[in-house]
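**Q** Protein chains in written order, with the working numbering: chain A, 1 to 114; chain B, 1001 to 1184.
If you're looking for bench data, these hints aren't it; they were derived computationally from the structure.
Using N, Cα and C, we set each Cβ at its ideal position, and we do this for glycine too.
Mixed in with the good hints, there may be bad ones.
[Claimed, not checked] Chain A residues, not near chain B, derived (Cβ > 12 Å throughout):
(1) R15
(2) P101
(3) H102
(4) G103
[To be verified] Cβ pair distances, simulated, as ranges:
(5) B:P1135 / A:A82: 18 to 24 Å
(6) A:R98 / B:L1134: 54 to 60 Å
(7) B:T1161 / A:P101: 56 to 62 Å
(8) B:E1133 / A:T41: 34 to 40 Å
(9) B:R1124 / A:Q84: 48 to 54 Å
(10) A:R104 / B:V1013: 18 to 24 Å
(11) B:D1144 / A:Q84: 55 to 61 Å
(12) A:A18 / B:D1165: 54 to 60 Å
(13) B:A1159 / A:T41: 38 to 44 Å
(14) A:Q95 / B:V1120: 46 to 52 Å
(15) A:V76 / B:A1168: 50 to 56 Å
(16) A:R98 / B:L1067: 36 to 42 Å
(17) B:D1165 / A:Y97: 28 to 34 Å
(18) A:A18 / B:V1086: 31 to 37 Å
[Said to hold, decoys possible] The calculated BS3-like cross-link candidates involving lysine-lysine, where the alpha carbons are at most 30 Å apart (straight line), are:
(19) B:K1015 / A:K77
(20) B:K1053 / B:K1033
(21) B:K1015 / A:K78
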Amino acid sequence: MSAPDRLIPSRDDERVFAEPWQAQAFALVLELHGRGAFTWTEWAAALSDEIRAAGPDDDGSRYYDHLLATIERLAVKKRLTAEQELADRRAAWAQAYRNTPHGRPVELGAEPLP
Amino acid sequence: MALRVKALESLMVEKGLVDPAALDALVDHFEHKVGPRNGARVVARAWTDPAYKTRLLENATDAIAELGYQGGQGEHMVVVENTPAVHNLVVCTLCSCYPWPVLGLPPVWYKSAPYRSRAVIDPRGAIAEFGTELPDEVEVRVWDSTAEVRYLVLPQRPAGTEGLDEDALAALVTRDGMIGTARL
Chain A
1 MSAPDRLIPS RDDERVFAEP WQAQAFALVL ELHGRGAFTW TEWAAALSDE
51 IRAAGPDDDG SRYYDHLLAT IERLAVKKRL TAEQELADRR AAWAQAYRNT
101 PHGRPVELGA EPLP
Chain B
1001 MALRVKALES LMVEKGLVDP AALDALVDHF EHKVGPRNGA RVVARAWTDP
1051 AYKTRLLENA TDAIAELGYQ GGQGEHMVVV ENTPAVHNLV VCTLCSCYPW
1101 PVLGLPPVWY KSAPYRSRAV IDPRGAIAEF GTELPDEVEV RVWDSTAEVR
1151 YLVLPQRPAG TEGLDEDALA ALVTRDGMIG TARL
């Protein structure tokens, strides 16, 4: 097992969430758990698997990547959605972003830019 | 990543599995309402009120709830006390289990693989990297937080603080002191 030279990757980590999507993903986990979609033990086990797969060089900065991958996996496993449905929806949002002029709120079903 | 969250969230909202207003409230709660200041209040109370300290060490969950701090990831709390002979260090070796109601969300390093492994293999060395050299005669105990049990360190009250009130004492308590990577 190799450990980086410095144990503490950064002291400049006082903000709770580095980016808004991290907060949204985190809230999604709590809300789904709060409504009984999965137990916290199930959640911790699934997240642990994801983090273990990241290996010994994981410096903690990709934590929310792991969290998002875990909630996606769990949502499919619990049949809250399906892989295809999720993929279709991602494509729809990607299209909506491309179709929305800068500065406007992005909404699904946005018409292509002229 | 933002797109992926949007995709999952919008599906869950449409299916009625989550409430968008509840999601916003959760984000606000974790960004603004919980943090190590809560834990510092618990520590300061334990330093000034011996009866509270006894309750805290016997049933931390209830004693912490007395101050109004409870909820997700604080359902089963255990408080471990630092003494001149014993220093406690908390880690979650598997992921990131952490007592949210009293400490907020964990810092990035707490979730890193180096901390998660070093805290167990070489706790003294890990603590030293945070700037605290523990004397050889001090025993180090490591506590592995899980989805079921979460630990909070009750640091030793610093010398020379006899005249301070609870508010002033709470200001001395740091997050790292309550994880155990620092000694106050």
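**Q** Next, verify each hint and record whether it holds.
**A** A quick look at each hint next to the structure:
no. : hint                         : result
1   : R15                          : violated (9 Å)
2   : P101                         : holds (18 Å)
3   : H102                         : holds (15 Å)
4   : G103                         : holds (16 Å)
5   : B:P1135 / A:A82: 18 to 24 Å  : violated (58 Å)
6   : A:R98 / B:L1134: 54 to 60 Å  : holds (56 Å)
7   : B:T1161 / A:P101: 56 to 62 Å : holds (59 Å)
8   : B:E1133 / A:T41: 34 to 40 Å  : holds (38 Å)
9   : B:R1124 / A:Q84: 48 to 54 Å  : holds (52 Å)
10  : A:R104 / B:V1013: 18 to 24 Å : holds (21 Å)
11  : B:D1144 / A:Q84: 55 to 61 Å  : violated (39 Å)
12  : A:A18 / B:D1165: 54 to 60 Å  : violated (36 Å)
13  : B:A1159 / A:T41: 38 to 44 Å  : holds (42 Å)
14  : A:Q95 / B:V1120: 46 to 52 Å  : holds (47 Å)
15  : A:V76 / B:A1168: 50 to 56 Å  : holds (52 Å)
16  : A:R98 / B:L1067: 36 to 42 Å  : violated (50 Å)
17  : B:D1165 / A:Y97: 28 to 34 Å  : violated (54 Å)
18  : A:A18 / B:V1086: 31 to 37 Å  : holds (36 Å)
19  : B:K1015 / A:K77              : holds (16 Å)
20  : B:K1053 / B:K1033            : holds (24 Å)
21  : B:K1015 / A:K78              : holds (14 Å)
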